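Undergrad: On the provided structure of chain L, position chain U as indicated by the hints.
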Amino acid sequence: MDIDIQELKDGWCGRQFDEVSFELDVREMLEFAIACGETQPRFTDPEHPDFQAVPSYASRFHGRRAMPEDFPIKSHQGFDAGKCVEVHAPMRPGDKIVARSEIHDIYTKTGRSGDMLFIVHRMRFTNQDDELVSIVDWRLVQNRVSRRAPGEGGP
Amino acid sequence: MSDSAPVRTFADVEFGEELPAFTPDVTMPTVRRFTDAAHMSWARFNDHEEARKQGLPGAIVPGIMSQGILAAMVNNWAPGCRIVKIDTIFRAALVVDSAPKCTGVVTDMDEEARRVEIDLTIANEAGETRVLGTAVVEL
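Chains L and U, in that order, are what the protein sequence lines are. Residue 67 in my numbering sits at position 67 of the first sequence, with consecutive numbering throughout. Convert by adding 155 to the 1-based position in the second sequence; the result is the number in my numbering.
For reference, chain L alone in the conformation it holds in the complex:
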């Protein structure tokens, strides 16, 4: 695939393309924590005065679509290379969360099998008080891309 990285970045990064909302369920928060091996009561005891979701909890949520409509690269063409979670405030049972998605960054790295294209999908999570609670960056990688300079023709 022949790609102008700068053109992609200029055209797509920073534009919100999806918004979903949901309410946090205490049973799911608890089961998630226990399955991961958490032992602290603030994550495993819903009666604890500071009960909250584990720090990485926002990673489990998805939007209605992984990429913007008409984005030239489809999510199924790549693989999940990792997730980064920034924790800004606790997520609590009953919180009404809004998650907004955007393409945060697009870049290439050269590996043994050639250039790899990284697309960073960012979701920002806010609660019912419009407080930022979490940011999740999901890195999607596609192998074997070739770069072309801005303005250079392509198929």
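No lab work stands behind these hints: they were computed from the structure. A quick note: this is a predicted structure, and the numbers were derived from the prediction, not measured. Check before you lean on any hint, since a few could be wrong.
The list that follows gives simulated cross-link-like pairs (lysine-lysine, DSSO-like), each with its CA atoms no further than 27 Å apart [said to hold, decoys possible]:
no. : chain 1 : residue 1 : chain 2 : residue 2
1   : L       : K96       : U       : K240
2   : L       : K9        : L       : K74
3   : U       : K240      : U       : K256
4   : L       : K74       : L       : K109
5   : U       : K240      : L       : K9
6   : L       : K109      : U       : K240
7   : L       : K109      : L       : K9
8   : U       : K208      : L       : K74
TA: For chain U alone, coordinates are given in the frame of chain L:
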């Protein structure tokens, strides 16, 4: 663990300190418990045979479960800490019903912010790193 577990403060931590080795439970019942909670009950996570048909070595542990396991290791090491950021790279598949080991080592310390950075890994029985990452933790 109760709230009476000793709180680890910034002063208790040494540069280069290794976190206690952590052996996570990635048996099928636990992975199914996770995928049920996370609404990810798909064959590649919950069924060895179906996962093999998809070209995988067996059912695999979801990447975000690996991330949660690493966060749990940090929280168990430092009760009362606040994980500010956790970044994980899913390098290769971690197979359900295997016996992986998690490690962590303190690689940076910021006294003013009372934060430490921890390098994290999950390796399989052969010692091959399957997941790696870093956590920034406030103490």
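Undergrad: Check whether the Cα positions of K74 (chain L) and K109 (chain L) lie no farther apart than 27 Å.
TA: 19 Å, holds
Undergrad: Does the structure keep K240 (chain U) and K9 (chain L) at a Cα separation of 27 Å or less?
TA: 25 Å, holds
Undergrad: Does K9 (chain L) pair with K74 (chain L) here, judged by a C-alpha cut-off of 27 Å?
TA: 15 Å, holds
Undergrad: Hint check: K109 (chain L) vs K9 (chain L), CA-CA at most 27 Å. Holds or violated?
TA: 15 Å, holds
Undergrad: Below or equal to 27 Å on CA atoms is what counts here, so check K109 (chain L) against K240 (chain U).
TA: Distance ~23 Å between K109 (chain L) and K240 (chain U) Cα, so the pair holds.
Undergrad: Holds or violated: K208 (chain U) and K74 (chain L), Cα atoms, limit 27 Å.
TA: Holds. K208 (chain U) to K74 (chain L) sits at ~24 Å (cutoff 27 Å).
Undergrad: Is the Cα-Cα distance between K96 (chain L) and K240 (chain U) 27 Å or less?
TA: 22 Å, holds
Undergrad: Checking one constraint from the list: CA of K240 (chain U) to CA of K256 (chain U), max 27 Å. Satisfied?
TA: 21 Å, holds
In this structure, none of the earlier numbered hints is contradicted; all agree with it.
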